[in-house]
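Undergrad: Residue numbers (our numbering), protein chains in the order written: chain S, -12 to 442; chain R, -12 to 442; chain E, -12 to 442; chain L, -12 to 442.
Derived from the structure by calculation, the hints contain no laboratory data. Please note: incorrect hints may appear among the correct ones.
One copy or any two copies: either way a pair holds, since identical chains are not told apart in the list.
[Stated by the list, open to error] As a list, the in silico SDA-like pairs of lysine to any residue whose alpha-carbon atoms are at most 25 Å apart:
{"#": "1", "residue 1": "K397", "residue 2": "C376"}
{"#": "2", "residue 1": "K347", "residue 2": "P248"}
{"#": "3", "residue 1": "K44", "residue 2": "V135"}
{"#": "4", "residue 1": "K397", "residue 2": "V135"}
{"#": "5", "residue 1": "K348", "residue 2": "V337"}
{"#": "6", "residue 1": "K436", "residue 2": "Q414"}
{"#": "7", "residue 1": "K348", "residue 2": "D334"}
{"#": "8", "residue 1": "K437", "residue 2": "R398"}
{"#": "9", "residue 1": "K50", "residue 2": "D380"}
{"#": "10", "residue 1": "K35", "residue 2": "P209"}
{"#": "11", "residue 1": "K408", "residue 2": "G387"}
{"#": "12", "residue 1": "K439", "residue 2": "I176"}
{"#": "13", "residue 1": "K(-3)", "residue 2": "N341"}
{"#": "14", "residue 1": "K44", "residue 2": "G364"}
{"#": "15", "residue 1": "K383", "residue 2": "E343"}
{"#": "16", "residue 1": "K383", "residue 2": "V124"}
{"#": "17", "residue 1": "K408", "residue 2": "I373"}
{"#": "18", "residue 1": "K(-3)", "residue 2": "R379"}
Number of protein chains: 4
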Amino acid sequence: MTNILKGRLKKTATKALDYIESIEVDKVLAPYDIQGSIAHLLMLSKCKIIKPAEKRKILKALKEIEIEIKQGRFKFKKELEDVHLNIEARLIEKAGEVGKKLHTARSRNDQIALDLRLYLREEIKEILFLLKNLEKVLVKKAEQNFNVIMPGFTHLQPAQPILYSHYLMAHFHAFQRDYERLVKASQGINELPLGACALAGTSFPIDRKFVAKLLGFKKVIPNSMDAVSNRDFAIDFIYAASMVMLHLSRLMNEIIIWSTPFFGFIEISDEFCATSSIMPQKKNPDVAELVRAKTSRAYGNLLSFLSLMKGLPLTYNRDLQEGNPLIIDTVSILKKSLDVAGELIKDIKVNKGNMEDALKKGFLEATEVADYLTRKGVAFRNAHQIVACIVRDLEKREKGISQLSLAELKRYSPYFSSDVKKVLNPQAIVKKKKSEGGTSQIEVRKDIKKAKGLL
Amino acid sequence: MTNILKGRLKKTATKALDYIESIEVDKVLAPYDIQGSIAHLLMLSKCKIIKPAEKRKILKALKEIEIEIKQGRFKFKKELEDVHLNIEARLIEKAGEVGKKLHTARSRNDQIALDLRLYLREEIKEILFLLKNLEKVLVKKAEQNFNVIMPGFTHLQPAQPILYSHYLMAHFHAFQRDYERLVKASQGINELPLGACALAGTSFPIDRKFVAKLLGFKKVIPNSMDAVSNRDFAIDFIYAASMVMLHLSRLMNEIIIWSTPFFGFIEISDEFCATSSIMPQKKNPDVAELVRAKTSRAYGNLLSFLSLMKGLPLTYNRDLQEGNPLIIDTVSILKKSLDVAGELIKDIKVNKGNMEDALKKGFLEATEVADYLTRKGVAFRNAHQIVACIVRDLEKREKGISQLSLAELKRYSPYFSSDVKKVLNPQAIVKKKKSEGGTSQIEVRKDIKKAKGLL
Amino acid sequence: MTNILKGRLKKTATKALDYIESIEVDKVLAPYDIQGSIAHLLMLSKCKIIKPAEKRKILKALKEIEIEIKQGRFKFKKELEDVHLNIEARLIEKAGEVGKKLHTARSRNDQIALDLRLYLREEIKEILFLLKNLEKVLVKKAEQNFNVIMPGFTHLQPAQPILYSHYLMAHFHAFQRDYERLVKASQGINELPLGACALAGTSFPIDRKFVAKLLGFKKVIPNSMDAVSNRDFAIDFIYAASMVMLHLSRLMNEIIIWSTPFFGFIEISDEFCATSSIMPQKKNPDVAELVRAKTSRAYGNLLSFLSLMKGLPLTYNRDLQEGNPLIIDTVSILKKSLDVAGELIKDIKVNKGNMEDALKKGFLEATEVADYLTRKGVAFRNAHQIVACIVRDLEKREKGISQLSLAELKRYSPYFSSDVKKVLNPQAIVKKKKSEGGTSQIEVRKDIKKAKGLL
Amino acid sequence: MTNILKGRLKKTATKALDYIESIEVDKVLAPYDIQGSIAHLLMLSKCKIIKPAEKRKILKALKEIEIEIKQGRFKFKKELEDVHLNIEARLIEKAGEVGKKLHTARSRNDQIALDLRLYLREEIKEILFLLKNLEKVLVKKAEQNFNVIMPGFTHLQPAQPILYSHYLMAHFHAFQRDYERLVKASQGINELPLGACALAGTSFPIDRKFVAKLLGFKKVIPNSMDAVSNRDFAIDFIYAASMVMLHLSRLMNEIIIWSTPFFGFIEISDEFCATSSIMPQKKNPDVAELVRAKTSRAYGNLLSFLSLMKGLPLTYNRDLQEGNPLIIDTVSILKKSLDVAGELIKDIKVNKGNMEDALKKGFLEATEVADYLTRKGVAFRNAHQIVACIVRDLEKREKGISQLSLAELKRYSPYFSSDVKKVLNPQAIVKKKKSEGGTSQIEVRKDIKKAKGLL
């Protein structure tokens, strides 16, 4: 504990100080602490709680400190415990006694809540930019590879032929939901806690609306106890971030599987791979693996925060401090992961030939054949059964359905006639899936067009 | 696996069937499965994929099955694996061959996604009702106990005097955020997956917009692969539920602490307590403890779902089935917890006398005295230090600040004068905290009024 | 609350009772509750706290209840809240007033701790049996397919040729660690909590050692407060179970990937697959997927329990009740997963041909060539670089290293001579990996032999 | 990627390198990397894979690097990606070409597994020391305050009088289990992965037993694929650490509650408290709160690791790298928390007077009175009911049982006689709880004695 504060208590034990100080983590909040202090200062002056001359002196010192921070010259001291006291101490050093007036009608409790909100608001802007960028990459890839047909999967087993673009757009939609979730999450951030002071407000005639306006907040938090107890905005962010990571992990895991030589659907650029220290031939998808792994870290941060908050009595408890590194770590994971994933995907090479070869495996036409029979009048459940029998028999013979003659097919069902051939190739099947949202070119093109409208 | 489906494969091993069947869990989805099937049926008929007579037959059978389910007469069979096949088998039993046509242009993949959405939509309605009810209870309690003053806490140590109503309203705000979060989460639910079929859409001329309209969905999911891969809507719900539980756990933990005889601030009604099997005097806050505990279970469900989804390739994987019990369990926890918490809080007795006695401990007037000095011209940081010294000295003497004479106070600072007495009692202090959102009656009354407008 | 207990308090509200009752969950503990009650009874009698005739009457009734439970005839009543009070009420019904003496020197606090320990001890026995069985299956498969060579993977990219048996034995070792972990975890279970009563012990002259002996516990818990507060033994179990599931999930995910037609290394038996409701050709690895998914559920249970316990004051709190379903659910998941996984693996068909074909991809001989150069005197880091260049060039030409002539090789390094051919085929490479624990037949055979010694 | 390795691939993109490098985290492993390299070197020399002169040169350089690291002079470079390549590059710089030979028969895959094991082995030693120290503090406190009686709690409600020492020893036992859990967890660490190379072992004639002996490992991991895939030892540690934190959180939460003025049982030393930036009177239990909070962080690390590993195919995947910061962070949390908690508890002041006053609340004698009646011949369940009625009536009258006359008591039950007075004071009750492990002085003294034997 610092000489600024500890009037009543004996000096903090070194081990205790080491344990409670948070400066290594919360120094990233310094610019926001200054920003909040300036708004607070202007309000104190406007409300005549401090005098104009005092305001000028403090403002000058704060601006100088702001520059020190920007230029990396500010010396953060562990013994000053946290970012707020570091800056306040420096202010007093620079501005003299008048600096001791800035903390009037303010507590670290509302101050940290403000700093976190200012910080997150700014970071989410950048995150939204990176997320949109990733979405653009996906849409662009979908356009560039528009006519590429590949096997679509359920249970990682070949299911039906699809457009590769259709697949890419499925991921686009997940990220678009993430975008909206983040936008919604960030709405809760724009509310001003400052002025709540320790927990109960203050008897100074402050003007919270003025501060809100200066800082661009859309409202003042209307209950001071809630203002300092609440970390929902931060947990909402970490949750939204976990969802982005979840969606990234699904995409990355497919990239990992698809770039094995046995699938060979895609190739990651060398620049996003790593080799082995012992196996000279290796080209490993390390970046994709790490995105997948860091997903778990975001999950861990979310869980830590939830567990941390469970059962905490109102209002501020020091436990809340332990939430700060979780927020900051998640911001970092998310920004880096979005950025690197966007680049990685942009550079992916699609092996169209391998995808087409792959269409020959797994009887991808089976559903269409069952639908064919259904259109001819067979009840779907029976048609399903008939095709199942065909597949069972063919599997032993290592043949595809298209290799059967009409006569052979008729042995399974009299409803087969020569037009069945039209549903036996992937191109035809894809084209026929014209239901809304289906994999036909016409539908996927619509989807892409709409997406471009959003971006 | 069932005789309905398993044409191609050998019979499922008993242990495998035991492992994959989900009927005990997903039978709660049965009414929604019927609802979805009827909409699907009407669409098939409208699109002339089945004939009017077929439609009538199937519809009749489905309605009868619906009644069987409602009346608890429907026999769910484990060997029929899941809710969909149970109902389809019963349909075929009742309607005969024509029943085998219903699954045309549909897959269990889009069907389960639909059922879950219909189920959650309905349950969230009830949850919102219960949540609003809890909020009403809090506001009512805040009105009923409007002038009760108690110690406000930070770090569970007495901080400043506050209105008990102010405290209750702080919890109100947390639940109001939960309300909005749930409303937002439920927006994602109202989108139609049906028609995505297995993953790629269908070549039947279906009309998804028609189905969406019948079911009251606001849009059709525009990418069939996304439609069957996506469980965001469910995870969003579980997250929102976890946040409600988090806020309940904070309130319940305070109730537990405050109803110990040493705090004695409140008394829980007998009806929400339990006694001991060995200690006859015991009146334990079991309900409050269980709400606190079930919070952890909601967290576990959230984490399980996130971990489950990590890295899953598109589109449907059987892993998704394991998400269903997590959803259903969370719905149950949340509904029961909100309901019982509302009742418990409604019946809580406030021990005004104990709260007032408690105001004497912990030097709750200290901040106001420092503010007093600040108004007299002392820099806040210095005023803080002066009061810290007073407290340090008084603590040894086991006295309160109000017990000091003016002369004694002046020994600490010449700025003290006789008007200091006005800031030395809790009533006066509360009244003075008139900053926006502060604990003064005027501000808390505003807060309550606004809240009532929302409810 | 029940008429047995609630002398002091008003009747529990219906909603409160619904919330706190646990009978649906804890009725699986009924046989253990009886077992513990009998031991307690015998001790009360031995210590002359009850009379011989009383003992006989109670014993007779307990034995009858035991049979009712076994035969499923026991009627568990929700309004009797939990398993203990259900059985006590039935006892009083059967034995009359004397039944009211059984709870002398006992509390539900020590009783539930005992029940859980007896239950887990029994279940872990069965789990160890199933786990050992799975290990046996792996070892047997390793023996049966002893000379099958396949690509070993790092980063899911082909790395070096290995014996399939070597791979299977790697999984064996993970499960063997699990076995030991479970054995260790179960050691903590064999300690007697009974006699701790509510928290402080009792003034009755009980004999806890006698009870411990009757129940086969190795020691008496030496601190009564710890005895009723502690759930370490249960969390240890859930952790150990999570680790088993983790290892199963790794194996199952490989099974899923390897049984795609593009890898085609193995084929799961029809009996452990499922088909699609719409795609007739489908054979999906549903069982393997569900094992993978249920891993997340075990994780969720672990996390719930940890979060539940965090910060709980001593001694018993009702929160602990919420741990019980976590234990029971985890037991069920683990038993079923081990059982079905063992069966699934037993029936897996190895596609030796596909594995051998796969050896041609990915330059699996590269490390061996680098080692060859190193043996010839090139520093390893340089040798690594030389081979990297060879691979880079060959990749463009779509050739393998063995297709290069000696002359061509010499262009990369003069250290190549004709004996290089000996390190260019997978069989030779595998054979040469004779370092302890390496993939050579000689080492893998040793590993298998030792494993069989353990089983 | 570095110039040491990237022969085959194009240069790593800057963003990719930023994403995959881990040097800020894994530089704490540097001393262990050196230690492992020296052992590997000596083995290579012993096995004549390198020459004596080469060995000497490399050894000299490694020792110099070791000193550079110790003295903080070593320049870790991000572009060299990780700790292994940083040290290898520096080695080559210092020793020249011969340095390129050290990586013979080694891969980063087995190297990192070794480094982590060496690191954890060392850290666990220190952790065990700190844990034992904490246990000693508890035992010492238990001795120092031996005759202090306080209310024991269940459900945070007063239950029965207990010795404060009994309570302290309950926590001791939890930590003693932690000690044993950590010892067990560390057993799995002492197994040598080195020599597994990438995954398959090597064709060089290495001697793994020799390396194991040099490094003090008790065995060589007998399956090379398992050796590089396995992180059980690390997860076991994080789990064990989570359990320690769980137990610390329970203790700390009690300290927080008990040091409120309303309980007032204990007082934390100023040196482990902090004050408020706005409320001058405040003395907050910040250290205790942070220990409680950091528990959640340990949980998050555990969960992240479990989620990370789920479904990972054998053998090494880059995901594993993301486990390293989880290990290192958990080590740091645990060490600091144990250390500071030990100091905090050592300095706690027990307010004996407040504890004794507290004995008057909550009818702590009720169980003993019921037991009294039971000894007189009343069936326990009836005795329980009788005392429940007494308490119900007294509560209204705000009296304790000891304030009732014998006549009054007899109105509840004729079994009361004058000797009842002997069970109506806390001292007598504590003394009577002589069952094994009970709260009587005789039993607690035994417990303390045994504990001292263990320490």
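Undergrad: May I ask which of the numbered hints given earlier this structure violates, with the numbers listed in increasing order?
TA: 3, 4, 8, 9, 16
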